[in-house]
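J.: Here is how the chains run, residue by residue.
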Amino acid sequence: MIQVEHLTKRYGPKTAIEDVTFSVEKGEVLAFLGPNGAGKTTTMRILTGSLPASSGTARVGGYDCFDQPMEVKHIIGYLPEFPPLYTEMTVTEYLTFVARIKGVPPAQIPAAMDHVLQRLSLGEVRGRLIANLSRGFKQRVGLAQALIHNPPVLVLDEPTSGLDPKQIIEIRQLIKELAGSHTIILSTHILPEATAVARRVVIIHEGRIVAEDSQERLSARLRRSEKVSITIKTPPPEARVRLSALPGVLSVHQDDLNTFLVEGELGSDLREDLARFIVGNQWGLLELKLVTITLEDVFLRLTQEEQPAEPPKTDASEPLPPQTSETGV
Amino acid sequence: MSPLGAIVRKELRTYFVSPIAYVVAGVFLLLLGLLLFLPVLAISNQSLQMLRMQGGLPDVNLNQLVFRPAFANMAVVMLLVVPILTMRLFAEEKKLKTMELLYTSPLTITDIVVGKFVAAFVVFAGMMLLTATGVLGLGAIADFQWAPIWTAYLGTLLLGGVFLSVGLLASGLTENQVIAVILSFGLLLVLWLFHWMGQLLGDSPMGQVVSYLSPLGHFDAMVNGLVNTKDLVYFAAAIVFSLFLAHRVIESQRWR
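Going down the list, the sequences are from chains A and B. Count along the first sequence from 1, then add 468; that gives the number in my numbering. Count along the second sequence from 1, then add 1253; that gives the number in my numbering.
Calculated from the structure, these hints are not laboratory results. Each hint should be verified, as a subset may be incorrect.
Said to hold, decoys possible - Quick list of simulated restraints, FRET-style, between CB atoms: (1) M1459(B) with K482(A): 40 to 46 Å; (2) E645(A) with I1432(B): 42 to 48 Å; (3) Y1465(B) with R594(A): 53 to 59 Å; (4) G505(A) with F1269(B): 52 to 58 Å; (5) V1431(B) with G495(A): 47 to 53 Å; (6) P573(A) with F1269(B): 22 to 28 Å; (7) R478(A) with I1432(B): 24 to 30 Å; (8) K634(A) with R1501(B): 42 to 48 Å; (9) A1400(B) with A579(A): 37 to 43 Å; (10) R594(A) with F1269(B): 19 to 25 Å; (11) V1431(B) with P578(A): 37 to 43 Å; (12) I1432(B) with G505(A): 24 to 30 Å; (13) Q1302(B) with A599(A): 57 to 63 Å; (14) R594(A) with Q1317(B): 38 to 44 Å.
As the list claims (entries may be wrong) - Derived DMTMM-like pairs (lysine to aspartate or glutamate); straight-line CA-CA distance at most 20 Å: (15) K1350(B) with E549(A); (16) K1348(B) with E556(A); (17) K701(A) with D724(A); (18) K482(A) with D724(A).
Everything numeric in this text was worked out from a predicted model, so none of it was measured. Even glycine gets a Cβ: it sits at the ideal position worked out from N, Cα and C.
Okay, chain A solo, but in the shape it has when bound (with noise of 0.2 Å):
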C-alpha cells in the first residue's frame, strides 16, 4: 500500500531524513519510532503528498506522492501533531467543512458525519465550539477529520500526544479496531505506543532507519544472552563464585549486595536450575526473573550507540542498563 524508497529531504544544508527506505502493506499498523526531531514527521508530510521530497519515492495506493499528489490526498486520512482545528466552529461544522474539501459527495456526507461522531465518541459535543472542548475532544475531532472521507490509508502524527492514560488507551484502541481494515502509519516517541498498536515497528534517528522489524525480532536481533535477575535474602559472600559454576552459566554480575544478575546462553532457561540451587542451599530466594528486552532498550542501544558504527554491538557481559524493565515469571 506504501512504497518509500530511498527517501531524503533537505531543509536547505540541514538533513532532515536521508535514504528512507520502507514499506507498508494493506491492513498493516506501522509505527514509526523516534525521539523528538528525528525525522518522523517530515517522512509523514511528504506521503500525504504536501511536502515534496529531495530525490527518492513515495508511492501510496500506487500513487505517486510527487506526481498524482491530488489521488494521494483523496486517499490519506493525515493527523497533524497539531490537530489543525478552526476553533470558532462547531464539531459538526468544521467536520462538514473537511467532508467538502476532502470531496466527499454532499449527499454523503451527514452519513459519513454520523459514522465518524458515533466511532470517535463525539456525539455528546457535536454541537458544541471546538474552542470549548477539551484536550481529549480536540484531539478526537481531529481524529475524526481525518477519518471523514474513510480513507484507506491514514497518517496519524503522535495521535495520543497531550492525552490523558485513559484517552490514550481510547486512541490505541480504536487504532487497533482501524487496522485491517485501513492501513495505518504512526508515529510516536513514546515506546510502548509503539507495542500497544503496531506489529512492526521502524525505528527512525537523526534522519536514517536504523532498524525496521517486528518488535520480537527486534528485541532477539539485540539479545546475545537470557538474563535472569536474582534477589537473594542472605548471600554468602562466595554465591557469586558459585552461582557461576553452575552448568549453562556465562556470567553472574553481582548488582549490589542481595541482587545479581546471571547470564545464560541464549536459548537456555535457568530459571529452575537456579531456582532450586539457591533453596537448596537455604539463602533465601526472594525474586526471580527473566530480564527481556524491551522496545525501549532496543531503541535506546540503536539511538544512542549509534556513533561506534556497528550499533548492536554491545559486550556481552556487560550489564542492561538501568531503563531494564523486567516481567516477572
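Take the given structure of chain A and dock chain B to it, following the hints.
T.: For chain B alone, kept in the frame of chain A given last:
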C-alpha cells in the same frame, strides 16, 4: 460542492461569526454616511444663503459637489479598512496550523487563494451594497445623474478587488495578523503614491508607467464617469497579479 465553493463558504462563515465583519462594516458605513451627509449639508446651507441673498436657488450639480468627493474619500477609507478584512485570511491559518489541513486535502493552491479572495470580495461587495442606501435616499429627494454613480461603484468594486488581493498577499507573507495589516497598508500606500511620483516624473515614458501602476488615476476616471478599457485591464491585471504572487507565496511555504 466544489472545493473552491467549500473554501468560500467557510471563509464567509468565519467573517460573520467573528465580530470583524460587523465592526468593519459598521465603521465603514458610518464614515461613508458622514462623507455623503456633510457635503449635502454644506450645499443646503449655501443654497439657503443664496436664496436669502439673491432670491433664487442655484443650479447645483450633486454629482460634482457631493458624489465625486464622497467616492474619492471612500477610496481613502477603503485603504484603511480593507486590509483589516484580509489580514486574517492566511496569517491565522498559519498560526493555528490549519494550513496543514488545506495542504493535505485534495485542493489546489488556486482553490485556496481564489476561494479566500472571493469570500473577502463578497463581504466587501456587501458593504458597498449597504452604502447604496445613502445614495438611494439622496436620489429620492434630489436630482442628479445616475450613470456616473454606477461607474463610480464599478470603480470602487474594482479598486476594492485590488486592495483585497494585495491584502491577501500580505497575509500570506506572515503568520502575524498585525504584521499582515501593516504590510498591506504599506504596499497600498506605496501604490497610491505612485500616482504622485508619476506626476513628478512628468510626461516621460517612465512617468507614464509609474502613474499607470497606481490605481488612483484609473479609479478617478471611473468616478468621473469614464469607463476605459485600459482602466478595466489595469484593475483585472492588478488583481490577477497579486493573486498570482499570493499563490507563489503559499505554494512555496508548502516546501518548508
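J.: The structure should be examined with respect to each hint, and the outcome stated for every one.
T.: Hint by hint, here is what the structure shows:
| no. | hint | result |
| --- | --- | --- |
| 1 | M1459(B) with K482(A): 40 to 46 Å | holds, 44 Å |
| 2 | E645(A) with I1432(B): 42 to 48 Å | holds, 45 Å |
| 3 | Y1465(B) with R594(A): 53 to 59 Å | holds, 54 Å |
| 4 | G505(A) with F1269(B): 52 to 58 Å | violated, 41 Å |
| 5 | V1431(B) with G495(A): 47 to 53 Å | holds, 49 Å |
| 6 | P573(A) with F1269(B): 22 to 28 Å | holds, 26 Å |
| 7 | R478(A) with I1432(B): 24 to 30 Å | holds, 29 Å |
| 8 | K634(A) with R1501(B): 42 to 48 Å | holds, 46 Å |
| 9 | A1400(B) with A579(A): 37 to 43 Å | violated, 53 Å |
| 10 | R594(A) with F1269(B): 19 to 25 Å | holds, 21 Å |
| 11 | V1431(B) with P578(A): 37 to 43 Å | holds, 40 Å |
| 12 | I1432(B) with G505(A): 24 to 30 Å | holds, 28 Å |
| 13 | Q1302(B) with A599(A): 57 to 63 Å | holds, 59 Å |
| 14 | R594(A) with Q1317(B): 38 to 44 Å | violated, 58 Å |
| 15 | K1350(B) with E549(A) | holds, 10 Å |
| 16 | K1348(B) with E556(A) | holds, 14 Å |
| 17 | K701(A) with D724(A) | holds, 12 Å |
| 18 | K482(A) with D724(A) | violated, 46 Å |
Violated hints, listed in ascending order, are 4, 9, 14, 18; each of the other numbered hints is respected by the structure.
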